[in-house]
Amino acid sequence: MSEMHTIVCMKVVPMPEEVRVNQETMTLDRANARSIFNPPDMNALEMALQLKQAHGGSISVLSMGPPFFERYLRLALCMGADRAFLLSDRAFGGADTLGTSRTLAAAIEKIGRYELVLCGEESSDGATAQVPPGIAEWLGTPQVTYAIELEVDYWNRRLRARREIKGGHELLLAPLPAVVSVKTGVNEPRFLDWTLRPWAEGQDLVTVWSAEDLGVDLEEVGVKGSATIVGGVGQSASRERRREFITGAPEDEARQILERIGQYLSER
Amino acid sequence: MTSSLYGPADARGVWVFLEQEEGKLESVSLELLGKGRELADALDCPLTGLLVGYALGDSPARAVACGADEVLVVEHPDLQVYTTEPFTSVVHHLALERKPDVLLLGATPNGRDLAGRLAVRLRTGLTADCTGLTIDPERRLLSGEVVGFGGGIVATILCPEHRPQMATVRPGIFAQPEPDLKRKGEIRALPASLDAADFRVHVLERSVSEEPDLTRAGIVVAVGRGARGDLELAQRLAGLLDAEIGGTRVAADLGWIPRARQIGQTGVVTQPKLVICCGISGAIHFTVGIDKAECVVAINTDPEAPIFEHADYCVTDDMFAVLACLAEQIAGARAVTG
Ligand SMILES: Cc1cc2nc3c(=O)[nH]c(=O)nc-3n(C[C@H](O)[C@H](O)[C@H](O)COP(=O)(O)OP(=O)(O)OC[C@H]3O[C@@H](n4cnc5c(N)ncnc54)[C@H](O)[C@@H]3O)c2cc1C
Ligand SMILES: Nc1ncnc2c1ncn2[C@@H]1O[C@H](COP(=O)(O)O)[C@@H](O)[C@H]1O
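Chains D and F, in that order, are what the protein sequence lines are.
For the first sequence, the numbering used here gives the first residue as -17, with consecutive numbering after it.
For the second sequence, the numbering used here gives the first residue as 85, with consecutive numbering after it.
Just chain D, with the same shape it has in the complex (with noise of 0.2 Å):
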């Protein structure tokens, strides 16, 4: 009972520079696609690891996907989590923030008892930042965004947080367990222990959960647990520029930058 337990939400993100836009369906084409972990649960596990140096107990880190993404849970092993719950299911797909944090909730649920579920700021592919909110909304817990630094005092149950707002950051104190979303860029990740690689194959760290597993409402999850919907994507527009080459020695260059840039110059 006495060790501390966290839990880091991780998602398998496609690499952005190679998701294109299929023109004729105007749907998404990520299957060509190589696959990262999004980069800010890199921040997030990464941050689980100096909690756990810190403090001893345990990570288990949690995702929902496809069946594929099995092989990142086991990368996250090799950076030092202890165990993995993926959730994959047909009915968990193309779920919005709602149906996702449903979902991850219900997970966190019935892996039992935790202190801390750590999350990234935010997922490149499309919803953004809204998944820890929802996260604890659904678990009845407080929440912590965008924060910068943790300190987890475990024996009083309670946590410091300085999180980043508007101009500035704040400290605060919050009760245990709380959801916390992870400041993108906070910590270097550390690098993968190869060695730990053959421990990391082993059949009973990555324990795989359907929606039956988990026991959900199927209406609550995937498409059907969703509010929003997709009206359209499209490849952004980047504006169209001039991109007139200027040469000469610098104060050539200088010179015809400003006869150029004249108009905008206000006077003074």
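Source of the hints: derived by calculation from the structure; they are not laboratory data.
There may be inaccurate statements among the hints.
Unchecked claim - So the derived list for chain D, only partly shown, Cβ under 8 Å to chain F, looks like this: (1) VAL1; (2) PRO124; (3) GLY167; (4) ILE211; (5) PHE227; (6) ARG237.
None of the values given here were measured: they were computed from a predicted structure.
For each residue, glycine too, the CB sits at the ideal point set by N, CA and C.
Could you slot chain F with the ligands onto chain D? The hints should help.
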């Protein structure tokens, strides 16, 4: 299906959640009042501003001057600083009681913190971090434009059956309305019925400073890794042009510029008349923040740098040499004419 707590047939009105700091409305809240006014007119319904806090100063009156027909004010000492749960409860109750059709919030840290929780409590849809909003008056549907995948993809998101239709909107996208002090509107003070159980997170300390607001800058001098930490010439030029300094995430990460001056997907979206990009490679994460500039000048030693695809005037040269000449020539011209 997970149903929202009320449906389209019962929903009416456009609401804007107003954020304020020490009685002063945030600029994104003013921008939303301007846009909200447009949406409310298209839907032929009232625009309501929602103010939760304490010591709100002239914010309610200012919201009316900026377009609100009605301002709901919930004022209580315990609401002076934002915390998630009490604010969620207050807005949740008001929404259930009055059933707005549309609820807009600024995509600030607190606006997004609140919106994410509130949307689940209301069992409704939320379009996060919109860069555009349009309305279909016939179907009374809001569509939010969002960018994904580092800015490369734009999608429009709708919330057809759940109400309210919620969206958070990026600061700096919409124009601030000119306040009209003669505008009439109703300011309604409502009782705060607070639940002690909501006050379990405590703010121990808080530090905010007036941030530079790059979204409103007319001219920006932006620096990247190529500046190698030496901003003296960039600052000199910015001073001469009455411009703001901005930069890439690299420049902010390395501490050369404060975070509030970071431009791009995870920074601010600027829309200046002119931006001069110095020593910036031009990653899409950065260029989404300058796409709205009227004119882009780029100075980079690497002729292949992607930034040149996003620039009107491209200079393949050392940024320090060019900046020095620019500053010298501008100062020289002023000395002659001034
Ligand atoms: C999820 C995510 C979000 C991100 N969000 C943002 C964001 O909001 N904003 C942002 O900026 N980045 C963001 N990034 C990072 C982005 O991808 C780039 O890494 C970053 O913009 C590069 O910064 P830079 O151009 O300063 O540095 P570099 O890419 O290192 O470019 C430096 C450039 O300087 C040139 N140079 C060097 N010396 C000189 C000289 N003497 N004179 C002239 N030119 C010189 C070089 O040729 C080079 O092109 C994000 C990344 C991710 C993954
Ligand atoms: N499918 C998912 N599986 C696991 N975690 C997720 C998933 N979707 C979102 N998250 C978590 O929620 C954070 C914010 O995501 P989002 O709200 O989609 O921007 C991510 O950084 C993850 O930590």
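field: Evaluation of the interface hint that places D/PRO124 against chain F, nearest CB under 8 Å
entry: Hint on D/PRO124: holds, closest Cβ of chain F at ~5 Å, below 8 Å.
message: Tell me if the interface restraint on D/ILE211 is satisfied: Cβ within less than 8 Å of some Cβ in chain F.
response: With a closest approach of 5 Å, the D/ILE211 hint holds.
- prompt: For the hint on D/GLY167, does the least C-beta distance to chain F fall short of 8 Å?
  reply: holds (7 Å)
query: At a threshold of 8 Å, is the proposed contact between D/PHE227 and chain F supported by beta-carbon distances?
result: holds (5 Å)
message: Quick check on the hint: D/ARG237 CB to chain F CB, less than 8 Å?
response: Cβ of D/ARG237 sits 6 Å from chain F, so the hint holds.
message: Next item in the hint list is D/VAL1. Is there a CB on chain F closer than 8 Å to its CB?
response: holds (5 Å)
This entry satisfies every hint, going by the numbered hints stated previously.
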